[in-house]
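Protein chains: 2
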Amino acid sequence: MINIAILGFGVVGGGITEVIEQNKKALKAYVGDDIYVKKILDLREFPDSPYGDRVVHDVNEIVGDPDIALVCETMGGVNPAFDFSCAMLKAGKHMVTANKELVAKKGLELTSLAKENGVHYFFEPSVGGGIPEIRSMRTSLAGDTITAIDGILNGTTNYILTRMKREGVDFTSTLKDAQRLGYAEANPSADVDGLDAQRKIMILTAVATGYLVKEEDVYCETMTKLTPADIDAAKRWGGAVKLLGSSRIDEDEASLYVAPFFVPESSPLAFVEDVYNAIHVTSPVTGDVMYYGRGAGRMPTAGAVVEDVASILSGLAAKEKKCEWQAAPAGYVKPFSENTFAYYIRTKADSKLEALEAAALSFGGITEIPGTPENVCEYITAEIEEKTAQEIIGSGALGEVESVIRIMK
Amino acid sequence: MINIAILGFGVVGGGITEVIEQNKKALKAYVGDDIYVKKILDLREFPDSPYGDRVVHDVNEIVGDPDIALVCETMGGVNPAFDFSCAMLKAGKHMVTANKELVAKKGLELTSLAKENGVHYFFEPSVGGGIPEIRSMRTSLAGDTITAIDGILNGTTNYILTRMKREGVDFTSTLKDAQRLGYAEANPSADVDGLDAQRKIMILTAVATGYLVKEEDVYCETMTKLTPADIDAAKRWGGAVKLLGSSRIDEDEASLYVAPFFVPESSPLAFVEDVYNAIHVTSPVTGDVMYYGRGAGRMPTAGAVVEDVASILSGLAAKEKKCEWQAAPAGYVKPFSENTFAYYIRTKADSKLEALEAAALSFGGITEIPGTPENVCEYITAEIEEKTAQEIIGSGALGEVESVIRIMK
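Listed in order, the protein sequences are those of chains A and B.
Note that my numbering has the first sequence beginning at 1, numbered continuously upward.
Note that my numbering has the second sequence beginning at 1, numbered continuously upward.
Hints listed in this document are in silico derivations from the structure and should not be mistaken for laboratory results.
Just so you know, not all the hints are guaranteed correct.
Just so you know, same-sequence chains aren't split out, so a pair can sit in one copy or run between any two.
To be verified - Derived BS3-like pairs: lysine-lysine, alpha-carbon spacing no greater than 30 Å straight-line: (1) 90 <-> 409; (2) 352 <-> 409; (3) 24 <-> 334; (4) 225 <-> 334; (5) 24 <-> 105; (6) 165 <-> 409; (7) 28 <-> 115; (8) 28 <-> 348.
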């Protein structure tokens, strides 16, 4: 029997006990031994749970228990999860976490502490719920390098965008509906302002490169300003608006960003709808691969935790290289303003012809979008450096600018 | 230095040497040693290749070379690949194969021989080219069971279907075009009659269940009878026609089949276009996951071979359970006629009303498809057992039946 512990008996923590219970036989066959949840850390009491008598309130009861080989952390947040995790790793316990904020903010310390203590720190559940993209990126692509990652990494915002597209409704009322249905938090900022996607693209990029960049080096743009007019323009253009977390990786520099993008129908990402997530990975040998699935939710996330647990306990991970991330060297992250994009731009226009001429002059080439409504001018610019694009947009030369959205490349 | 050999110096075989050469540094870091292609078996001479002096014509030069630890087989076909593979495994050499026909037809013997001799027999490249779905299915989903697999497993037919959909052209002229462009073989039967997809769904199902079923137990329907009218009807219905390789897996029985299906737009499979492949896997805990990418081609397939090679040589695979497949017990494969589907049916009809009434009576419920052309009646039936559906279709009660296509469920 192998004893494990769970930190946090919430939605995912409870799901872990359920998955282990339901798949006892298969797990035993896989791991070679029974997995037993010996202790669960939570401040609350659970008198009605069959696990009620295993709940402890003091983290040291787990840290100091030499019988516990592995700890699952599903508390969320940096404090006190970080301190607790450090204590577990120092005590020689493997860890599996679903806590993307902790991995994104403290991944350097935690992976290095794990390596020092000869244990694993696994975090597949922290990105993409049940989608096994991290294990794939780590164990596959050995003879290949990853040059680009584009992800629909947040289910809440993708649900909102899908509803806006299908029903033509505005952001605010769709958000309210999503909150009513439990798909969005009362304070939705982490989702709609892109912070959640930002953490996830940091983690995925670190898996690909070994460098965990700083949060402030990842450009992050809210999706709260998107309007039905934007969604409709993307349709007429031949695609959809998606909130993407992306990175472009060269040998000695990378660029990471989160923003709403026009995604063309030639990309499978354009068709990822509702609460689904997808991670699209480009590499020169393999070409492009996309992983798709439920990015969150009790059972998919708990299932991903249990798979990491099984992978460690079966010894399958024993030969796997410990991922000790490094801080990115100075100058590794390319400033966002130096990236090149094409842009969707919508301006008010009494005279379309004049507005289009001015835009063509400014950008050195534009393509009009078909079916543009009255008194509005809509076009896609030629590819141009972000810095220059923002200068043009701010200069007043284009007239009154209603919307600017980048085109995925 | 670790020595390996390649059987067959064709498109993929040549790609392997290229991938190893190009990714030398990364592979050394991963495996812990240089990988050296010591011998290549081919009947031809390659005087202009830098590998020309390593080409041998007698398989025994590789079988009897104790320095060769691993052999990649990219010959295709069952003979002589099967005999050669047996000899390699008996000589204690690991194997990686891209040969789906061999794995599907001789997988029982080969996996058991590998286990007996304590070596690995890996076949990730045999399904889905560069898509890492087999490794994912083997190492993930440990705390879960797979209940359904649906794959777009053949790039040639998906390319043909995509062109038919976009351009409204018929099958024969699209096939000719695909042949001219090198996307389809001169003899296209293995692709268009579904045999290629049949082998791949056999392999995927064996990975999920441990049972390799017999070819004759997998229902296989050609896609050569599809017409522009079918493709158009699927669009109006809200989806696309796709050639699927599918399996439905219960605890003690499974059903495997390859056929054209109406795939609804609610499934991400409906949007997989051109030569891309995708494998959609359903399991109760994880929900649904889809893997998407280039299903064939020199570099993606060679890359997948090298990844399996790296996985074995790095020792990462050491703890991985050897997959020794078993023959499915009697009665395990459910006869295709016992499956239940809804059907798209198109009949000639002078009186639509009469035809719809007759159909509704026969199937106990139908839904008409919007926008049906003149003199034709089109509908989707209620779900009904395959056997009964075929009886009704053959009975003459529906009038002159032009087309019958199942709906993916």
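Results of checking the hints against the structure:
1. 90 <-> 409: Classified as neither: same-chain Cα gap 44 Å, cross-chain 50 Å, threshold 30 Å.
2. 352 <-> 409: This pair counts as within: shortest intra-copy Cα distance 27 Å, inter-copy 49 Å.
3. 24 <-> 334: Answer is between; shortest inter-copy Cα gap is 27 Å, intra-copy 48 Å.
4. 225 <-> 334: Classified as within: same-chain Cα gap 26 Å, cross-chain 53 Å, threshold 30 Å.
5. 24 <-> 105: Neither: 34 Å inside a copy, 33 Å across copies.
6. 165 <-> 409: Intra 21 Å, inter 25 Å, cutoff 30 Å: intra and inter.
7. 28 <-> 115: Answer is both; intra-copy 27 Å and inter-copy 21 Å each pass.
8. 28 <-> 348: neither (65 Å within a copy, 58 Å between copies)
Going down the numbered hints, you'll see the structure goes against 1, 5, 8, while the others check out.
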